Structure formats: C-alpha cells, structure tokens
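Trainee: The residues making up each chain are set out below.
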Amino acid sequence: MNIVVCMKRVPDTEAKLKIDASGTNIEPSGFDYVPNPYDEYAVEEAVSLKEKVGDSEVIVLTIGPKESVTQMRKFLSMRADRGVLLVADTAAMDSWATAKMLADALKTIEHDIIFFGKQAVDNDNASVGVQVAQMLGLPVVSRIVKFEHTDGKAVCEREIEGARVTVEVSLPAVFTAEKGLNEPRYPKLPDIMKAKKKPIEEREADVPESKVTVLKMEYPPARPPGRIVGEGVEAVPELVKLLKNEAKVI
Amino acid sequence: MADILIYCEHHEGAFRKASLETVRKGADIAGELGGAAVAVVIGAGVAGLAAKTGEYGAAKAIAVESDTLKDFTVSGHGQAMAEVAKKIQPAAIFMPATSQGRDLSAALGALLEAGCAGDCTEVSVQDGKLTVKRPVYAGKTYVTVQFNSAPAIVSLRPNVFPTGEPEAGKTAQVENMDVAVTPRETVKEVVATGGGKKELTEADAVVSGGRGMKNPENYKILEELAGLLDAAVGASRAAVDAGWRPHSDQVGQTGKTVSPKLYIACGISGAIQHLAGMRTSKCIVAINKDKEAPIFQLADYGIVGDLFEVVPSLTEELKKVL
Ligand SMILES: Cc1cc2nc3c(=O)[nH]c(=O)nc-3n(C[C@H](O)[C@H](O)[C@H](O)COP(=O)(O)OP(=O)(O)OC[C@H]3O[C@@H](n4cnc5c(N)ncnc54)[C@H](O)[C@@H]3O)c2cc1C
Ligand SMILES: Nc1ncnc2c1ncn2[C@@H]1O[C@H](COP(=O)(O)O)[C@@H](O)[C@H]1O
Numbered sequence: 001m002n003i004v005v006c007m008k009r010v011p012d013t014e015a016k017l018k019i020d021a022s023g024t025n026i027e028p029s030g031f032d033y034v035p036n037p038y039d040e041y042a043v044e045e046a047v048s049l050k051e052k053v054g055d056s057e058v059i060v061l062t063i064g065p066k067e068s069v070t071q072m073r074k075f076l077s078m079r080a081d082r083g084v085l086l087v088a089d090t091a092a093m094d095s096w097a098t099a100k101m102l103a104d105a106l107k108t109i110e111h112d113i114i115f116f117g118k119q120a121v122d123n124d125n126a127s128v129g130v131q132v133a134q135m136l137g138l139p140v141v142s143r144i145v146k147f148e149h150t151d152g153k154a155v156c157e158r159e160i161e162g163a164r165v166t167v168e169v170s171l172p173a174v175f176t177a178e179k180g181l182n183e184p185r186y187p188k189l190p191d192i193m194k195a196k197k198k199p200i201e202e203r204e205a206d207v208p209e210s211k212v213t214v215l216k217m218e219y220p221p222a223r224p225p226g227r228i229v230g231e232g233v234e235a236v237p238e239l240v241k242l243l244k245n246e247a248k249v250i
Numbered sequence: 251m252a253d254i255l256i257y258c259e260h261h262e263g264a265f266r267k268a269s270l271e272t273v274r275k276g277a278d279i280a281g282e283l284g285g286a287a288v289a290v291v292i293g294a295g296v297a298g299l300a301a302k303t304g305e306y307g308a309a310k311a312i313a314v315e316s317d318t319l320k321d322f323t324v325s326g327h328g329q330a331m332a333e334v335a336k337k338i339q340p341a342a343i344f345m346p347a348t349s350q351g352r353d354l355s356a357a358l359g360a361l362l363e364a365g366c367a368g369d370c371t372e373v374s375v376q377d378g379k380l381t382v383k384r385p386v387y388a389g390k391t392y393v394t395v396q397f398n399s400a401p402a403i404v405s406l407r408p409n410v411f412p413t414g415e416p417e418a419g420k421t422a423q424v425e426n427m428d429v430a431v432t433p434r435e436t437v438k439e440v441v442a443t444g445g446g447k448k449e450l451t452e453a454d455a456v457v458s459g460g461r462g463m464k465n466p467e468n469y470k471i472l473e474e475l476a477g478l479l480d481a482a483v484g485a486s487r488a489a490v491d492a493g494w495r496p497h498s499d500q501v502g503q504t505g506k507t508v509s510p511k512l513y514i515a516c517g518i519s520g521a522i523q524h525l526a527g528m529r530t531s532k533c534i535v536a537i538n539k540d541k542e543a544p545i546f547q548l549a550d551y552g553i554v555g556d557l558f559e560v561v562p563s564l565t566e567e568l569k570k571v572l
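Line order of the protein sequences matches chains A and B.
Residue 1 is where the first sequence starts when you use the numbering used here, and the numbers rise one by one after that.
Residue 251 is where the second sequence starts when you use the numbering used here, and the numbers rise one by one after that.
Mimicking DSBU-like on lysine-lysine, the simulated pairs with C-alpha atoms at most 30 Å apart in a straight line are:
| no. | chain 1 | residue 1 | chain 2 | residue 2 |
| --- | --- | --- | --- | --- |
| 1 | B | K379 | B | K336 |
| 2 | B | K569 | B | K506 |
| 3 | A | K241 | B | K569 |
| 4 | A | K244 | B | K470 |
| 5 | B | K569 | A | K244 |
None of these hints come from the bench; they were simulated from the model.
Values in this document were obtained by computation on a predicted structure and should not be read as measured data.
Looking at chain A on its own, in the form it has when it is part of the complex (with noise of 0.2 Å):
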C-alpha cells in the first residue's frame, strides 16, 4: 500500500513570536520549528498500519523551506520511508493555495491512504486535508481518533460536538488525524541513524497566488490585570461578591 503522510513544520508550541517589520507575519526565527503536534499522529498511523499489513511504503509530503528536512528526518526516523519536499515559503500561502500544490503533487505521488493532521498549530487553519479531497474527489474523514482498515476500506470513529461518529469509506481516501488516534512512538537511536540515509527529493513548487490577504498582524488585546482576591476559603465570599457584582457573571 502507498500511505502517504502530509507535514508541516510550526514553531514550537512554546516559542514567544514577534511580528515582523511588515505588521503582516511573524519573525520566522529565534525559536525551534518542530513538526506539527497533529502530523505526529498521522504518522505514527500510518507507520503502524504499514506494520501491520506490510509491504507498504510510507512517503512524507512537505511544503516549505529547504530547512524543512530536519523535520521530515523526524518522521523518518519514526520509520516513514522516503520524503518528497515542495520547497517554497509556506509564510503568506493560505490553505486554498496549500492544499492546490499538495494535491497537484499528490497526482504524482501513488497514494491508497494519505492521512493529514486536523490542523497546523500556525495559521490553525484545519482546512488543508478536507480540501486536498475535493481536489482529488477522494472520500475524506476528519479529525479521526480511531482508524481500522480492512480490504479496500477504511472504518473511522471521530468526535464531534456532543457525539461519537463511525464513518467508512473505499479507498484511496483521506483522513485527518485528531488527539487521542494513537500515542506516537518515540524515535529510537538505530532509527534516528537510518534515517539520516532515507532519501528524501527536492522538488520546486510553483506557488499559486492566495485566495485571502493578511492586512495586519496583531497582539491579542491584554487582558485587565487580574488580581489574587485572597488565600484559601477566606477569600470565597469575596470571590462570589466580586463574580456577582463586578464581574457579573453569575
């Protein structure tokens, strides 16, 4: 089976930003870029479903700068196979134009299963996978937290508002992976090693023009400064006085 695993890198959840001169983007540096947290879990199942059925090759589809491949190595080195970069500046691209490049690169790339993350913790779109699947009018299931395959199908559980859904469909299809699908494994030295050697392809991307416009960036606005109302139950019905009459929220 061909599986193939769409990943972006995003600065590290912790990572102070700052916005950039142009009032429209971040810095893009001063802090770590890791792989998106939810891309994890695309990978980590689509690594455990080729170990399970086998013979399957599990491929590692990127867009963004060439220092993308530190992160892709660590796909790899959770035993994704090979790599297939599109290298441009993912900073103003928005997900219409993401997810164009992924799918016209996709026709290139055989695929039966390709698993997406829900969202990129950047731009916190969580679009790009549904839209891949219109493009190449596949099936999809979003924000999946249990995956089972069987002969040509795929059985899907996720979670909604207030329910749990149990979608199938035929493959190819695509899937986008929500918290709590699998727990994904940590590389292991030998892995981290081979990995260094897992060929990963440049490709240049031709980058369609944005279907939005940023016009600024901005802080959030600051909160009122917040006061501590006391120590332990003493302070409760000051609390309550203040929730009722200030705040009025109660």
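Put chain B with the ligands on the given structure of chain A with help from the hints.
Mentor: Same frame as chain A, but now just chain B with the ligands:
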C-alpha cells in the same frame, strides 16, 4: 451578489446556539452590504426549522431536504452547499466554527475555489469590503484578513457573537431547493456522548480541572460546582493524558477552544498551550495552591489555596446567591 448565505447546523431538531449566533451576525453584515441574510438548513424534514431562522434576522431560508443528507458528510453537505451557492451567488458564506462548520467551509473553499477564514472572532465591513479578524498561532497573534475571491467563506467562533433576543413569531420565507449529491462517505453510526452534559464549546461557564485534581474521582467536586453554574467540565492535557478525563474534555491548543463568560481553572498551572484554548473567556478565575503559577497572570480573580477546600466552599457560597 450582496447576500450572505448562512449554514445552520442543527441536532435533534434544534439549532446549535452557534448557528443562531451566526445567523444574527450574518444578518447584520448583509444589512451593511445592502443584501439579505439567507439561511440554509440541510437534512430530512427541516422546513419548519428553517422558518425559525427569521427570529434571528434571516430574510429567507433555503431548506435542502433529502434522506441522503440526513447525516453530515463532508462531500454530501459540501456538494449541497456548493450547489446552493452557485444558484444564489452570495458575497459570502457564513457558518459556525464547529467541527462540522470547519469541515464544510474547507470543502466549500475547494469546490468554489474561494478563500476561507476560520474561527473568526470579529467580522466587519471596511470600505465596502468584508473584513475578518481571526486568531493564529493558538491566539498568540491575530490576523485581519480580506478576500481576493468570491464568495468569502467565513466561520465564526462559537460563544463570541451574541444571538440577541429572538423576535418571536418572525419567520423566514422558506424556499425548498433540490440538489443532486453523491456523498463519498458513509455514516455507519452516531452515538450521543452528551448524556445531558453541557457541550464545552457552547457553555456559558466552564469549570476545568488539571493535574492538581490528583485522581478521576475528585472531579465530583467540579461536577457539583458545574451543576450549580450550568457549566461544562473541562480538563487540562495533563489530566486527559493521565486517563482521568476523555480527550473530548481537553481544553487547549491540542484540545477545544472555549470562550465562556466564566472559566474556572482548578489545579491548572496555566501552560501556554492550555491558555491557547481559554484565553478569550470573558472572566477567568484560578484556584491554585502555588501563588507563582502562571495561570494567575491571566486570571481576573485568583484564590491561592488548596482546591479541595476552596472548591467545595465556593459551591456552598454560590448556593446562597444562586
Ligand atoms: C504540543 C503540545 C500541545 C499541548 N496541548 C495542550 C492542551 O491542549 N491543553 C493543555 O492543557 N495542555 C497542553 N499541553 C501540555 C502543557 O504544556 C502542560 O503540560 C499542561 O497544560 C499541564 O497541565 P496541568 O496544568 O494540569 O498540570 P501541571 O502543570 O502539573 O499543574 C498542576 C497545578 O496544580 C496545582 N495544584 C496541585 N495540587 C493542588 C491543590 N490541592 N490545590 C490547588 N492547586 C493544586 C499546582 O500548583 C500546579 O500549578 C501541550 C503540550 C505540548 C507540548
Ligand atoms: N505546508 C504544508 N506541507 C505539508 N502539509 C501541510 C502543509 N500545510 C498543511 N499541511 C497539512 O494539512 C494539515 C492541516 O493544515 P491547516 O489546514 O493549515 O491547518 C496539517 O496538519 C498538515 O497535515
């Protein structure tokens, strides 16, 4: 061309609150653009429901009734909405940023080759152009966005926009529309998990517990407090990963985003990834025994103390005033 289509998600014969918030905002914006708010309700036997969108400002409602569309699927509902959009030619399509709404907006973006802005917290018209603001990087920054294509596809963060008072008796003029769809996904089973519990993303109040709760049984004291406040119960990732609470209860960057009027964090340190999920709450209360805990920097009100004493006492005190 200045109309706004509004997708209205519904469950068990009722609209989600977030759908009504979206209708109200959509109606306001349509007014500014000089168009009408047109609600779209999809499913089996939904015409009656569709009329009710009038109470929140929809001039017209389109009911797409079909057994094939009884359950939500991305391709089925995506194709249906895309068909409706091709007929109406709206300036924008609004929907709530629920899991359904976000999937649908993405699908529509691809099917209509249009730009999407998800989870918006502000929507306005500037120089005649639809302009939205949305959090990125888990709320560390916000971007203001305009669209280079039509229709603009916009999802609104639940609990941010007011529904306003319903105008009783005011109905939207309902038009039935048939669309041909062939869903590529099959829904096998839907199991309700709410069980009368408040939905986290919709609740006006949320009481969350973290590693400081020590074990799953102790959440009873939070549930008691939540019951009194008509609140939902949430959790930090530490509590979820310990197996004390289900994944669906997690608040934060890799969990749910909530914007209640009141958020009470109990035994939660306030890691940046947790704050990502609750920082747009209107009033934040923290109960933590460590006065250096970062949560106190964000909280409007804090009590330094043992949650096992403070929470039950808070419940008792609230009983007196509620
Ligand atoms: C990629 C990534 C994504 C993440 N996503 C999320 C996310 O979505 N949501 C999330 O919450 N976290 C997330 N995290 C984890 C986050 O970094 C923290 O580890 C986590 O939020 C800590 O949970 P906590 O506050 O419950 O536990 P701790 O940090 O251990 O804090 C427990 C607190 O309880 C207090 N306490 C203990 N006993 C008592 C008592 N008896 N009375 C009062 N107070 C007491 C302590 O003083 C302490 O402040 C993520 C991390 C990463 C790397
Ligand atoms: N530049 C990219 N390269 C590869 N995959 C991407 C890229 N951007 C987004 N994705 C994939 O799409 C998912 C959803 O991203 P988004 O819609 O941007 O939130 C991510 O979790 C990735 O799996």
